[in-house]
Amino acid sequence: MHTDDDRRRLLEAVGISSIDELFSSIPPALRRAGLNLPGGLTELETRARVEMLAAADTIPDSSSFLGAGCYRHFVPAAVRALVSRGEFATAYTPYQPEVSQGTLQHIFEFQTCVCELTGLEVANASLYDGPSALAEAAFMALRLTRREEILVSDGLHPEAAQVVDTYAAGPGFPVRRLPLDPQTGVTVSDPAYLSSAIGAVLVQQPNHLGVVEDIAALAEAAHAAGALIVVSVNPSTLGVLEAPGRLGADIVVGDVQVFGSAPSFGGPSAGFLACYTAHVRQIPGRLVGQTTDSEGRRCYTLTLQAREQHIRRAKATSSICSNQTLSALAATIHLALLGPAGLRERSEICLQRAHRLHTALCALPGVRPLVTGPFFHEFALVLPCPAAHFARAMRECGVDPGVPLTRLLLGTNVGLPGAGPAPGDAVSEHVLLVAVTEVNTPEALDRYVTAAREILAVLSPTEDGS
Amino acid sequence: MHTDDDRRRLLEAVGISSIDELFSSIPPALRRAGLNLPGGLTELETRARVEMLAAADTIPDSSSFLGAGCYRHFVPAAVRALVSRGEFATAYTPYQPEVSQGTLQHIFEFQTCVCELTGLEVANASLYDGPSALAEAAFMALRLTRREEILVSDGLHPEAAQVVDTYAAGPGFPVRRLPLDPQTGVTVSDPAYLSSAIGAVLVQQPNHLGVVEDIAALAEAAHAAGALIVVSVNPSTLGVLEAPGRLGADIVVGDVQVFGSAPSFGGPSAGFLACYTAHVRQIPGRLVGQTTDSEGRRCYTLTLQAREQHIRRAKATSSICSNQTLSALAATIHLALLGPAGLRERSEICLQRAHRLHTALCALPGVRPLVTGPFFHEFALVLPCPAAHFARAMRECGVDPGVPLTRLLLGTNVGLPGAGPAPGDAVSEHVLLVAVTEVNTPEALDRYVTAAREILAVLSPTEDGS
Amino acid sequence: MTIDRTEPLVFDKGLPGHRAVDLPAAGVPEMDVSELLPGTLLRTTPPRLPELAEPQVVRHYTRLSQLNHSVDTGFYPLGSCTMKYNPKINDEMAALPGFAELHPYQALSEVQGILRLMYETEQILLEITGLRRATLQPAAGAHGELTGVLMIKAYHRDHGGAGRDTVIIPDSAHGTNLASAAMAGYRVVEIPSSQRGLIDVEALRRNLSDRTAAVMMTNPNTLGLFEEDVLQISSLAHEAGALCYYDGANLNAIMGKVRPGDMGMDVVHLNLHKTFSTPHGGGGPGAGPVAVSETLSPYLPLPLIARSDGDGAFTLDYDRPLSIGRVKGFYGNVGVIVRAYTYLVRMGADGLTRAAEDAVLSANYLRARLRDLYPVPHEGPCMHEFVSSATTHLAQDVTARDIAKRLLDFGIHPPTIYFPLIVPEALMVEPTETEDLRALDSFIEAMQQIDREAREDPEILRTAPHTTVVGRPDEVEASRHPILRWRA
Amino acid sequence: MTIDRTEPLVFDKGLPGHRAVDLPAAGVPEMDVSELLPGTLLRTTPPRLPELAEPQVVRHYTRLSQLNHSVDTGFYPLGSCTMKYNPKINDEMAALPGFAELHPYQALSEVQGILRLMYETEQILLEITGLRRATLQPAAGAHGELTGVLMIKAYHRDHGGAGRDTVIIPDSAHGTNLASAAMAGYRVVEIPSSQRGLIDVEALRRNLSDRTAAVMMTNPNTLGLFEEDVLQISSLAHEAGALCYYDGANLNAIMGKVRPGDMGMDVVHLNLHKTFSTPHGGGGPGAGPVAVSETLSPYLPLPLIARSDGDGAFTLDYDRPLSIGRVKGFYGNVGVIVRAYTYLVRMGADGLTRAAEDAVLSANYLRARLRDLYPVPHEGPCMHEFVSSATTHLAQDVTARDIAKRLLDFGIHPPTIYFPLIVPEALMVEPTETEDLRALDSFIEAMQQIDREAREDPEILRTAPHTTVVGRPDEVEASRHPILRWRA
Ligand SMILES: Cc1ncc(COP(=O)(O)O)c(C=O)c1O
Ligand SMILES: Cc1ncc(COP(=O)(O)O)c(C=O)c1O
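Protein chains in written order, with the working numbering: chain X, 1 to 466; chain B, 1 to 466; chain L, 1 to 488; chain V, 1 to 488.
Bear in mind the hints are in silico, worked out from the structure with no lab data behind them.
Some hints could be false.
From the derived model, a few chain L residues whose C-beta atoms are all more than 10 angstroms from chain V [to be verified]:
| hint | residue |
| --- | --- |
| 1 | 72 |
| 2 | 122 |
| 3 | 206 |
| 4 | 306 |
| 5 | 372 |
| 6 | 424 |
| 7 | 458 |
| 8 | 477 |
Computed list of lysine to any residue pairs in SDA-like fashion (alpha-carbon distance at most 25 angstroms, straight line) [unchecked claim]:
| hint | chain 1 | residue 1 | chain 2 | residue 2 |
| --- | --- | --- | --- | --- |
| 9 | L | 13 | B | 11 |
| 10 | L | 13 | L | 48 |
| 11 | B | 315 | V | 232 |
| 12 | B | 315 | V | 156 |
| 13 | L | 13 | X | 165 |
| 14 | X | 315 | X | 95 |
Note that beta-carbon positions come from the ideal geometry of N, C-alpha and C, so glycine has one too.
Bound-form chain X, shown alone (with noise of 0.2 angstroms):
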C-alpha cells in the first residue's frame, strides 16, 4: 500500500486534495467512517494467533477411518512443493494465452488423466467439486434429452443428493428416487423406475455404503429409457475397477480430492466431468484446446467458449466462472507421480487393507455387515450399540473409527437401503461407515480390532439397541 508520500503525489496527479474526494459519488447518507473490527495485527501476532485456532483441532493420524466422500490418501511432498509455486498459485484464468501455457497446458494434461481414468473422450477443467459437478451433469443430461426429470439412486451420497436436490429446485426439475437392494446395498436397475420423463439417471460408484455397484446393467436400463447415465465415481478406484465410460457411462463425473488435495476440512478439492466428443457443446465450465501458433508452435488455449458465461451469458450451460484450477493441478501431478503401476497399487492396498479389517470387524460378536454387495475400500457395519457412541469410546482409545451414518443423513431425506427415508429410524443409528486407504497401517488395523473387541464388550450389553 502506499505510503502517505506516496499519496499525496497521487492525489496531486489525479488532481484532488484528499482521499474523500474519490468516494464523494457514494450519497453521504451511506458512507462510513470505517469499519467496528478490531485493529489490525503484524505478521508475528497474525501468525500467533491462526496457530491458537489451529491448535484447538485434533489432528487425524493413521488410526483415523473416516471417508464418507473424503479420503485420506498419502501426498508426496513433490506435490506441494509443485502446486505451491507462485507462478501457479497467483495467476489468473488463462485468458491470455501467450502467459498463460503453464496453466494452459497443465489443465489440457489433467483433461486427459481424466479421459484416461473415466474411458471417455472429453472432460472439461474442473467444476467446484464432485456434487456439484454431478448436479451439473444432470443438468447437461437432460438438455441433452430434453427431459425434465431426474433419477437419483439412493446410492448416492447423501450431501450429493441434497445438492442436486438443490440445483434442481431452482429450475423445478423434478427428482425421483432409485433404491438400493435392501439385501446387496446396490443400486436397482428396475425398469419400473425409468418413466419416459426422466433424462438423467444418477448413481454413484462405489457408492455412498461402499457397495460397488452394476453401472453396465444400470446404463442399459437408462438407455432402454432414452435416459442418459451420469456416474459419479471415487477416481481413485480407477486404477482397478473399470472405467465407467466402457460400462456404458454417457457422463462421468467426480472429485479429485484423493489425489493431491489435503482433506483440509472439505476443500477444496476440484469436481471433474467427462463425456462423450458428441456433448462436448453442452459441456458446463471451461475447456482447453491445443492448437498452434503463428509461428506454427504447439500450444494451448481456452475453447469452445461460447458455452460459457462470459460469451453466452443467460444462454451458457453453467454459471460457472473461477474454478478449481489448482486442485486440478495437484491432481495431475499426483497422478503423474503415480502413473498406472502406483495408482493400481494404491487401489489394492486400500483392498487389502478393507477387506481384512472388514473380516476381523465382522468376527466380533453383535457386529455385521449391513448389506452384501461387493466394496472396494469402505463398509457398513450395523453394530450393537448406536455407532455414535461407540466412535466416542472408540476416539477415546486413539481411534476414530468411522463415521456414523446419522452424520451423513443430517438434514437430508435420505434413508437406509429399502428403508426409504427414515433418517431417524433405529438401524440407522448403528451403522458405520468405515473406509481405509494406505495411510492406515496396519498396525492401525490391529489397534482398530483389539480396542472395538473391548469397547463393544462393555457398550453392547447396556446400549445394544438392535
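Given chain X, put chains B, L and V with the ligands in place with the hints provided.
The following block gives chains B, L and V with the ligands in isolation, referenced to the frame of chain X:
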C-alpha cells in the same frame, strides 16, 4: 533411477553384459556385495519415521529465552516461500554466469547489505558460520600484518574462541587472551596485552555476556600496536549500534542466522566477512562482481577468483569452496523485507524488552547482574542457586529461562571475566545468560518473572551456593 | 536465434515402467482381487497415465510454471479480477496440519478451532457487508450467485411470489449474473445503462413488475462507477416486491466506506479470491461466501455454523427447515477461507479501509494519467477500476486486442478487454492497492509507448507479442477442430 | 525483437518509506535508547537497506530465481559436483518444527529426537565408509578436509611426528585438498598422475619420507577412475608413518561396492550435498561429515554424540581431552543432516547400492556414445563421471569453453570445464543416477550437434550462448575494476 529394461539398453550401448563389469577396476579383495543397512522405505514410511523423531523433541515457544549465539527471531513467511524455490535451492555454485544470474545477483545484494550494516567497503559471498568466519578473519589479519599471534577477547563466545584455537593450532599461531573487566564485563583495552607479535585482535560485539564493547577504544589500542582488529558482530544489533567499520574495525565478521534462518539446532546459517577494499585480495571465499556482457547488459559474475582454491590451490586465501549461499539468500530477503526502519524497530523491541526483564529479575531476592556494562538484548545474571537447577525447575513451569553459562563452557578453557580459565568454578555455575527477542511477548516476560520468583523462593534457601 | 521454449506434454516425457511413488506392501494376508470384486467390474486396460520418476515430474511442472505470468512475477491490472498480491503467510496458515489435515466428519469437539475460524470469518464479512447472516459454502463468486438466486426463489415460493419468474440485470453486468439467474430457472431481462454508465432508473422502473423476482447489480459496477442511485433502485425493487442481489466482486473499492446492506441489498456474494487476497490459482479455487438480510437468512444452505449459548462451543446447525439445502459437499473451500481469515485479522479495520482507499486512488491515478491517450467514456471519479476505450486507435487498424498483446512484451499482463460489453474496444484497468508507484508508472510508460507505436509503427502491435513463449494461438482452429486431450 | 530480461538490483526497486515487515509494539514501558546504551555506541546513519513492501520483494526474488539453471529445471552434468535430484520430502522433513525450531542449547532431554537422528546418520555413514567414528560438524567438504588434516596433525604431535610437515597430493586433486592442507600449516607436494590417469605409485614411493604426514587422495579420482592401486598406496603411506586421507566427494560411485575404510583410509570426508541428495543451494549450505579409523577417533571435534549405556539416552560427549576442539559453532549444519538422513533411510541398503550402479552405468553410457566425438584420454570403464578432452576442436578454434557456452542454448548445464587441470580442454561429465534415458540422450544429441557446428559453423559456438539472459560477462573487466557492491 533406471528400470531394469533401461539398464539393459544402457549396458548394451556400453558394450558390456553386467553391472559388475562396470566395477571391474575395483580390486576383487575390496569388492563388497552391498551394505549392511536396513532396506529402503517408501516416502510414506520415511515420513512416519522422521516425523516420529521430530515428535520426540520439544519445540520452544515465546517463553524460551535461549540465545548465546543463536537467536529465535520472527521470520516472515515470504522468506521461506522464496528461499525454497527450486531454482535457488537446486543450483550449484554460479560458475556459468549466463544461467546463474539469479544466484549471482542475490549474492551481490548480500555483499551490499553486509557492507551497509558493517560500514565497510567489501564483503564476501559468505563463509560457513560466524565462528569459522572469525578464524578466517584472524588468518587474514595475520597475512596482512605478516605477524603470527592472535589476541582474543574473553568476551568471545566460548565456542567461537574454540574454533579460533582449533584453526590456529594448524599453522601453530599462538593465541593470547585479552580479559574482560571483572566489574563491567567490557574487554580491557590495555596496551600491555598488545605485543608487537600480535597481528589480529579479536573481539565480539555484543560479547558473549551480552555486554556492548567499546570497539573504538580497542581499535585504537590495536592499531597503535600495529595489529588489525576483527570484530565479530551480531548484525541484528546494527540498526541501533554504530557500524563497527565506523569505529575503526578492520575486518568485521558475524553470522546472519538472525536474519531468516531457523535455529535448526544450530545450523545451517551463514558467516560473513567484510573489510576495506585495500585488503580485498586477502579475502577468503567467493566474491561476486558486477560487469557487463557482450551486449553491454549489466550482469554479475564470480570475480577475483585468483584468491581461491580452484585457481591458487595450496596458495589460496582459504580452502573454502561450497559456502552457505542459500542461508545468505534468506538473510538478504529478510533484510529486504525489514528495510532500515524494520531493522531498527526490531532491535528496539529486543532492547526494550530485555531491559525490562533485566530490571524485573534483578529485583528478585538473591539475583544480581554478573557485570555492570551496557547490554543489548542479552544479559548474564548471578542466581542464588545453580543456574542449571533453576533452569530445570523453570522449564517445568513452561519457561526456558536462558542458557546456564556452564553449558557454553563445556570442553573449553574460557572462564568468567577476570576469573581466568575456570569452567568449573562456583560463580560460573550460578550464571544464567538470558536473551530476549521480539518473539518473547510481554506476557511471556511476566510469566518468566512470576515463575522465577516462586522457584527462587523454593530453590535458594536450600541450594544457595553463593 | 529463436529457440522453442515450449515444454512437451507430460505424457510424451515418460518412459515405460518409470514411476515416482513407491508404496508400502499391504501388510495383511492378501487375497486375489478377483475374489474381492466381481470380474466384470475389473479394469481391462490400465489408464495411460504418465510414467516418470520424481525428478522428471518436478522438472516438468517447474518449467511449466515458468511459462505463466502471475502476480508473483509481474503487474496484473486485470479489471474485475482484483489481482492483488497474496501474502505468503496466508498459505502457511492454510497448510497448518491443524487445518489442512482435518476430516470434515471429525467429531465437532475435535474441530473447534476451524469452526471458530469460520464463525469469526462470517462475523467479519457481516460487518463489512452490513448484513445479518452468512454461509461460507459456495466455491466461487458465480456459485454464490446461484446460491443467492436460489434463496430468492425459495423466498418468493414461501411468500406468494411463485409467479415471479424474472430477474432484471443491467447490461454492464458480468456474464455470471445472467447465467446464474438462468440456471436457477429465471428469465433474464437486461436493462441498458444510462449515458453516465449507471443503471437507468427509468428503464428499471419500466421493467419492474409483479413478475420481477429480483434485481441483480454490481456496485461499483463493472465500469468502475458507483451506482449513485442505489438507494432509489433498492427501494423501487422492494416496492415492486422484488429482492436485491448484490454482486460483491468489486467490494475492494468500498470496504469501510459503504456497505451493501445499507444500500438495501438482501443478498451479497463476496469473492474471497478477489477482495480478500486468496490466490486465484490460475482459475480457482476461490470462495464465494453469501451474506443475507434477516429476510433471507432462513433460506441459507445447510449447515450453518452456530455457537451454543451454553458453553460457547461451535456447532453445525442442520435444523433449518426452510433452507435451500446444499450447493456443495461439506462446508466450503475451507483452505481458502483460512487464507482470507488470516488476511482479515491481519489487515483489521484500518487496513481494510486503507486498502480500499489505495485501490481507488491508484485507479484514479492511472485514469488521470492515461485518459488523454486512451479515452474513458464515462465521467469520474472512478472507483477501484476504470474502463478506457481504444476506439481512437482503430483508425490505425489497431484494436484493444493488439494493445493487450503488445503489453505482454513489457512483462505486464493486459487489462481485461472487450468487457464490459457496452464499451467498444474496452480496456478495463484495475491496479489494486498492492502495486506501488513504480509499477503504476511502468504501466503508464508502456501504454504511452504503445500509443506512440500505434501511430508510428502499428505493425509492431498487430503482430505482437514478440517475446512470449508462443504468440497468438490460432483460436479459430482450436474451436473448429477441437483437440481436447493428448493421444498417444 | 530482443528484450532485456535482466532484473534491476533490489536496492534500485525501493521507494522511500516502504517496508514489508510490521512489528508489534515493545509492549513494555519504553525507555529512551540513549538511556540504555552509551551515545557513542549508537548508530549515526542507518544502513541503506532496500525499502520495499512484500509484493515487490516477492516479485524481485521470484524473477531472480527464474534466471537460474537448476536441477529442478534441467540436466546438470557438472562433473565432481554430483548434481543429483533432491527429493522434495527431504525439505519437508527439515522444515518440521520439531527440528527447524530447536535451539542448540535446549536441555538434552528436549532434543532426543534430533540427537537420535544425528546418531543414526553417523552410524549409517560409518557402515558406508567402513570406518569407526564420525563427526557431523563440518559445514562442507573442504571444511571436512581441514578438520581431517587438523586431526592428522594432532595425531602426529602426540605420536612423535611433529616433524612431519608435508602432505602428498596427486596433481589430479581438487583444489580444496591442497588448500586445506596448507591452511593446516602443511607443505604440499603434488605428485604427477600416471599415463593411466592414476596415482603414480613410484612417484609416491619416491616422495614418502619421515616428513610425510599424510597422503590425500580421491577415489574414484577426479578423472572418474578407480585408483586400482589403492591398497598398495595406503600400505606404502602407513609404512612411512603417514596417514591416509580420503576425499569422499566421489562416494556416489562406490556405495555398497567398496569402502574407504577397507582401502586403508584413516579419515574420510563426505559431501552430503553431493552423494546424499541435499540441495546445493547455489553454493551451500552443504555438510561435510568426517569419519575416521580407531586411530584418529580421539581427535574428533567436540562434542560427539553418544548414547548412554544405561537408559539409552543420547548425550553430547565433551570429555575428550585429545580432541582438536571445534571447527564450527554448535553441531553442524543440522538442517542439511536431516535431509541426508531422510534420503538415507528412504534409500536403504539396496537403494544406495543401486544409485551407485546407475550413476556409473549412466556415465559409461555417455562416455561410450560420445567418445568418438569427444575423446576420453584415459582408459575405462569410468566410474560415475568421465573426462573428455575437447582438444580436437581446437583446430576449428573452438574451445571447451565455447562448447560449454553453446550447451546453455540447449537448456543443459555444461560439464565442469578445465578441471582436472591435467587434462587439456577438459570436459568433465557426471550425469548421476537420477537422470533418465531421455535426459542422457538429449545431452548426447546436443553434443553431437555441437560437434557438427564446430565443423560447419564454428562462429555459432564462439559467440554462444545466444538464448540466455546475458552472454559471456566480461570477467577481465570484473576483476580489473572490481565492483563488489551496489552504490546509490
Ligand atoms: C463482476 C463479477 N461478478 C462475478 C464474477 C464471478 O466470480 P467467480 O469467478 O468467483 O465465479 C466475476 C469474476 O470475474 C466478476 O468480475
Ligand atoms: C573432489 C572434490 N573434493 C572436495 C570438494 C569440496 O567440497 P565442498 O564444496 O563441499 O567444500 C569438491 C567440491 O566440488 C570436490 O569435487
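Taking the hints in turn, this is what the structure says about them:
1. 72: Label violated. Min Cβ-Cβ 5 angstroms, cutoff 10 angstroms.
2. 122: The assertion about residue 122 of chain L holds, with a minimum of 26 angstroms to chain V.
3. 206: Its Cβ never comes within 10 angstroms of chain V, the nearest being 47 angstroms, so this holds.
4. 306: holds, 33 angstroms
5. 372: Its Cβ never comes within 10 angstroms of chain V, the nearest being 25 angstroms, so this holds.
6. 424: At about 29 angstroms from chain V, residue 424 of chain L clears the 10 angstroms cut-off, so the statement holds.
7. 458: Holds, because the least Cβ-Cβ distance between residue 458 of chain L and chain V comes to about 15 angstroms, which exceeds 10 angstroms.
8. 477: holds, 25 angstroms
9. L:13 / B:11: holds, 22 angstroms
10. L:13 / L:48: holds, 13 angstroms
11. B:315 / V:232: violated, 30 angstroms
12. B:315 / V:156: Status holds; Cα separation ~23 angstroms.
13. L:13 / X:165: violated, 44 angstroms
14. X:315 / X:95: holds, 21 angstroms
Hints 1, 11 and 13, counting from the list given before, are not met by this structure.
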